[in-house]
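Work the whole structure out from these sequences, hints included.
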Amino acid sequence: MIWDWSAFFHYLHSPYLLTGAAVSLGLSMGAMLIGLVFGCCAAMMRMSERRWIRTPASIYVWLFRGTPVLVQLIIIYTGLPQLGIKLGVLASALIGLGVNEGAYLAEIIRSGIMAVPKGQFEAARAIGMTWGKTMRIVVMPQAMRIIIPPLGNAFNGLMKTSSLASVISMEELLRRTELLVQVQFKVLEIFIVAALYYLFLTTIWGFIQTRLEAYASRSVAQSPSARTSTPVAAVAIPSDAS
Amino acid sequence: MSATSEKREIVVEARGIHKHFGQTHVLKGVDLSVEKGEVVVIIGPSGGGKSTFLRTLNFLDKPESGVIKVAGMTMGQADGGTLSDAGLSRQRQQIGMVFQQFNLFSHMTALQNVMCGPIHVLKTPQAEAMADAKRLLALVGLADKENNYPGQLSGGQQQRVAIARALAMHPTVMLFDEPTSSLDPEMVAEVLQVMLDLSERGMTMVIVTHEVQFARKAADRILFMEDGRIIEEGRPEAIMGSPRNERTKQFLNMVLGEV
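Protein chains in written order, with this note's numbering: chain B, 146 to 387; chain D, 2 to 260.
FYI, nobody ran anything at the bench for these hints, they're computed from the structure. Don't be surprised by glycine CBs; every beta carbon is placed ideally from N, CA and C. Accuracy of the hints is not assured; some may be wrong.
[As the list claims (entries may be wrong)] EDC-like, lysine to aspartate or glutamate: derived pairs with alpha carbons at most 16 Å apart: (1) 331/B <-> 149/B; (2) 263/B <-> 62/D; (3) 278/B <-> 191/D; (4) 250/D <-> 234/D; (5) 250/D <-> 238/D; (6) 29/D <-> 228/D; (7) 63/D <-> 194/B; (8) 218/D <-> 247/D; (9) 331/B <-> 316/B; (10) 37/D <-> 221/D; (11) 135/D <-> 145/D; (12) 63/D <-> 267/B.
[Stated by the list, open to error] Beyond 10 Å from chain B on every Cβ pair, some chain D residues (computed): (13) 17; (14) 25; (15) 59; (16) 70; (17) 97; (18) 118; (19) 132; (20) 170; (21) 244; (22) 258.
[Said to hold, decoys possible] Partial selection, computed: residues in chain D whose CB lies under 10 Å from chain B: (23) 21; (24) 22; (25) 86; (26) 87; (27) 89; (28) 90; (29) 91; (30) 96; (31) 98; (32) 101; (33) 106; (34) 109; (35) 117; (36) 167; (37) 176; (38) 246.
Spelled out as structure tokens, the structure:
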């Protein structure tokens, strides 16, 4: 028998693999949150007027984008104990994936913020908003429109990259798949099931991402003459100006 | 409303303002004092420092030297020294500003734009802020556009919303930075009319503009600024009728010649 359908269907609802998939999802979400915190901080720091604030953030982005995340994970889990820093599997995976992701998100967030016209910032300052309020109430909501699509893609990527945590013995989907294969020998069936789980996660996320993008650009969708709207949208929606 | 009884109260005072952008000396010691209810119009050729000077008044551009006092506060200065970001923001609440590019918050409707400052900065209750915002939108003739996003409004309408947004903070003084320069000609009048109404209500205003005819009508005083200095100032009829300075004369001939 080349392909064992009954084994395939058996593993398709295996609680062992399902739990692994749930761990993968949780790990990705946790790493994304850490990444967002690091990414936001680094993005703000890189836009500072002061060099001593800018430089550390630039080094961070350069370092973590310039080296493989797999190497970073192994250094954190296997290498750091040599310096007396002992992190558990979960902590290592979360920090490794999260901090690495933050370096990429920093660039996404920074470019989104820089795409908001300077006048928006000045107008907010002129009505007496502090820097923090200006960012929160005026700049970020507009930047989100630009940031969300690449951010969603980053999360899609992260769900797949999370499989690298298997090399530091994190029992997520891939690790569990490998463990199962070692005792059950249905290599192709089990790995196809794992692949389908990943596909399921990324597909669901794809739907959510579409919704998020629509929500973030709701004011643009209603404004035909906004500069950021596509020509097609501009033609499709009648002008309301009288 | 008559402001004559309080004519001597100084609302804006700038003394010895200097500013560089890189190597360029943009402001070379500018002085100005504006009385309560007074409308001061600054004219002059592009690149003369008019807009920069206006922007130093609310510290959007910080001057390198000189003192600016608005409504009794020394801008950017606390008792102990330099003012914090929060302190400077509090000072700016007293100063309304209208920009050449309108700069309405593009993700908010007209009403939300006007309510934004009172709610987030002054912590005005929602209902009160909304009532005030609606009143102000009616004042600028846009009561029926409150739910439109900036992208759905014409330039003139956007600029009138921007004026309402600044007024919502109940500022002591209003600054206008070339408010009609990016408008189509047919929309200039509606914005100037709103500004004229404001001046008649006794609002203290400092206006940078190229609309010399408007300056003649609305200004209590006209300043001619060139090369980072105020070269000539006086009442509109004096400046327009018989400018003393040769450069002012040339400039006015050029501008008025086109009209």
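Checklist entry - Against the structure shown, which of the earlier numbered hints fail to hold, in ascending order? => result As far as the earlier hints go, 3, 8, 9, 15, 17, 18, 20, 23, 24, 38 are violated by this structure, in ascending order.
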